[in-house]
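Number of protein chains: 2
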Amino acid sequence: EIVAAAAGMLGAGPLAGKRIIVTSGPTHEPIDPVRYIANRSSGAQGTAIARALAALGAHVVFVTGPADVAPPEGVEVVRVQTAQQMSDAVDAALPAEAAVFAAAVADWRVASQSDRKLKKTRDGMPKLEFAENPDILARVAQMATGRPGLVVGFAAETNDVIENATAKRARKGCDWIVANDVSAATGIMGGTENAVVLISDDGAESWPRMGKDAVARQLADRIAAALA
Amino acid sequence: EIVAAAAGMLGAGPLAGKRIIVTSGPTHEPIDPVRYIANRSSGAQGTAIARALAALGAHVVFVTGPADVAPPEGVEVVRVQTAQQMSDAVDAALPAEAAVFAAAVADWRVASQSDRKLKKTRDGMPKLEFAENPDILARVAQMATGRPGLVVGFAAETNDVIENATAKRARKGCDWIVANDVSAATGIMGGTENAVVLISDDGAESWPRMGKDAVARQLADRIAAALA
Numbered sequence: 012e013i014v015a016a017a018a019g020m021l022g023a024g025p026l027a028g029k030r031i032i033v034t035s036g037p038t039h040e041p042i043d044p045v046r047y048i049a050n051r052s053s054g055a056q057g058t059a060i061a062r063a064l065a066a067l068g069a070h071v072v073f074v075t076g077p078a079d080v081a082p083p084e085g086v087e088v089v090r091v092q093t094a095q096q097m098s099d100a101v102d103a104a105l106p107a108e109a110a111v112f113a114a115a116v117a118d119w120r121v122a123s124q125s126d127r128k129l130k131k132t133r134d135g136m137p138k139l140e141f142a143e144n145p146d147i148l149a150r151v152a153q154m155a156t157g158r159p160g161l162v163v164g165f166a167a168e169t170n171d172v173i174e175n176a177t178a179k180r181a182r183k184g185c186d187w188i189v190a191n192d193v194s195a196a197t198g199i200m201g202g203t204e205n206a207v208v209l210i211s212d213d214g215a216e217s218w219p220r221m222g223k224d225a226v227a228r229q230l231a232d233r234i235a236a237a238l239a
Numbered sequence: 012e013i014v015a016a017a018a019g020m021l022g023a024g025p026l027a028g029k030r031i032i033v034t035s036g037p038t039h040e041p042i043d044p045v046r047y048i049a050n051r052s053s054g055a056q057g058t059a060i061a062r063a064l065a066a067l068g069a070h071v072v073f074v075t076g077p078a079d080v081a082p083p084e085g086v087e088v089v090r091v092q093t094a095q096q097m098s099d100a101v102d103a104a105l106p107a108e109a110a111v112f113a114a115a116v117a118d119w120r121v122a123s124q125s126d127r128k129l130k131k132t133r134d135g136m137p138k139l140e141f142a143e144n145p146d147i148l149a150r151v152a153q154m155a156t157g158r159p160g161l162v163v164g165f166a167a168e169t170n171d172v173i174e175n176a177t178a179k180r181a182r183k184g185c186d187w188i189v190a191n192d193v194s195a196a197t198g199i200m201g202g203t204e205n206a207v208v209l210i211s212d213d214g215a216e217s218w219p220r221m222g223k224d225a226v227a228r229q230l231a232d233r234i235a236a237a238l239a
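For the protein sequence lines, the chains are V and C, in the order given.
For the first sequence, the numbering used here assigns the number 12 to the initial residue and increments by one for each residue that follows.
For the second sequence, the numbering used here assigns the number 12 to the initial residue and increments by one for each residue that follows.
Read the hints as simulated data drawn from the structure, not as lab findings.
Quantities reported herein were computed from a predicted structural model and do not represent experimental measurements.
Note that beta-carbon positions come from the ideal geometry of N, C-alpha and C, so glycine has one too.
Careful: at least some of the hints might be erroneous.
[To be verified] Listed below are the simulated EDC-like cross-link pairs for lysine to aspartate or glutamate, each with C-alpha atoms no more than 20 Å apart in a straight line:
id	chain 1	residue 1	chain 2	residue 2
1	C	128	V	171
2	V	130	C	43
3	C	128	V	118
4	V	130	C	143
5	C	128	C	43
6	C	130	V	143
7	C	130	V	140
8	V	128	C	108
9	C	130	V	146
10	V	130	C	171
11	V	128	C	146
12	C	130	V	232
13	V	130	C	140
14	C	128	V	87
[Said to hold, decoys possible] Listing some non-contacts, in silico: residues in chain C with all C-beta distances to chain V over 12 Å:
id	residue
15	37
16	42
17	95
18	100
19	104
20	106
21	117
22	209
23	212
24	218
25	220
26	232
Construct the entire structure; sequences and hints are all you get.
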């Protein structure tokens with residue numbers, strides 16, 4: 012790994028000269044100045060993937076929501092809060108040879124976002140109106156021109172992992188889906204290990220449970236092979 | 012301060028033998044296994060208050076939501092996620108001589124919380140039903156028997172700070188309200204400084220803007236004087 016890291020720093024390695032966008036972390040969707048809706052995501056897996064890609068020589072644009080873990084060294088960091096900001100940052104980072112969408116993006120934002128703190132009223136809960144957020148994965152995967160050669164999505168599932176992830180891949184039009192089971196019993200969410208299934212044209216390939224860094228290195232190797 | 016800290020460790024100081032409950036941090040209210048609603052709160056001010064009270068000799072029960080900052084040394088730490096758990100933890104910690112409710116507790120929880128990840132549907136946003144959370148401040152402030160001698164609430168306001176906080180004090184029945192302006196322009200939320208107004212029977216007393224640690228020490232001194 013030290014050799015790989017050195018290769019990355021020297022602009023060598025199998026991904027040298029390749030520009031890869033990696034999104035990571037949760038998004039925070041404001042309700043008002045003090046409240047927001049969030050996805051649970053430490054950013055650990057996305058950060059590890061960005062690090063592994065950079066170690067193979069890639070120029071990584073790392074678009075990260077408010078994650079618990081610090082961004083890796085040696086990547087171009089773009090910090091965002093909301094799904095809309097993440098979408099804009101991805102647009103600004105294109106074109107790229109590959110895009111890995113590891114962030115846990117909120118599907119909805121609060122359309123009725125308030126500049127003032129919402130107050131309790133006699134009628135109870137203030138009325139919240141929701142709007143659908145941009146679907147970054149689907150949009151990039153279905154770009155008519157300038158689509159990255161490899162578009163990788165993630166699926167965090169709590170049940171029927173392979174079925175849900177396979178359907179997601181078809182629906183979004185991406186090349187690969189990295190799926191995992193985040194139900195509480197697995198301890199994966201917020202943990203240091205991951206057990207993923209890689210969904211591609213070749214079907215579903217279950218990887219053994221391993222550290223998130225090891226998952227990242229294996230995925231980076233596969234990306235390097237696909238772009239070679 | 013070193014003297015005060017030493018006094019705390021030796022069980023001396025003006026608050027020696029006093030049991031004080033301090034709540035701190037945000038609460039996280041689950042929507043489903045991967046989504047939640049949160050309040051913005053780093054926990055910095057509540058943590059500083061607990062530290063300052065312990066330094067004056069108090070036995071502090073520190074009930075904290077998922078905060079960004081670590082709990083102080085020398086306090087009894089109870090970790091919770093939701094408002095209901097915080098309410099239960101406060102009940103379990105009573106009786107106490109004083110209670111300082113610095114946490115940013117969610118007013119509502121998702122009544123329709125799902126064990127499975129909610130999916131996008133053709134109809135858009137999954138239907139969320141909200142239920143009001145227990146009002147910890149009002150309940151403790153209005154206890155018929157066993158009420159702490161001093162009950163301190165907090166008010167994070169974005170407008171009409173003194174008016175809103177004065178009304179909140181009357182509505183909740185607490186002794187003091189520590190109010191501050193968390194509108195974005197102040198930079199207080201997530202920052203290291205605070206500018207508070209102390210609302211009591213004596214009216215509204217505006218404190219100069221100072222570090223959150225200094226606010227905490229001044230408040231701890233006032234609490235010690237009130238309990239003397």
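Here's how the hints hold up against the structure:
no., hint, in the structure
1, C:128 x V:171, "holds, 11 Å"
2, V:130 x C:43, "violated, 24 Å"
3, C:128 x V:118, "holds, 12 Å"
4, V:130 x C:143, "holds, 12 Å"
5, C:128 x C:43, "holds, 6 Å"
6, C:130 x V:143, "holds, 12 Å"
7, C:130 x V:140, "holds, 18 Å"
8, V:128 x C:108, "violated, 32 Å"
9, C:130 x V:146, "holds, 14 Å"
10, V:130 x C:171, "holds, 13 Å"
11, V:128 x C:146, "holds, 17 Å"
12, C:130 x V:232, "violated, 32 Å"
13, V:130 x C:140, "holds, 18 Å"
14, C:128 x V:87, "violated, 32 Å"
15, 37, "violated, 9 Å"
16, 42, "violated, 7 Å"
17, 95, "holds, 16 Å"
18, 100, "holds, 21 Å"
19, 104, "holds, 25 Å"
20, 106, "holds, 28 Å"
21, 117, "violated, 7 Å"
22, 209, "holds, 20 Å"
23, 212, "holds, 24 Å"
24, 218, "holds, 21 Å"
25, 220, "holds, 19 Å"
26, 232, "holds, 28 Å"
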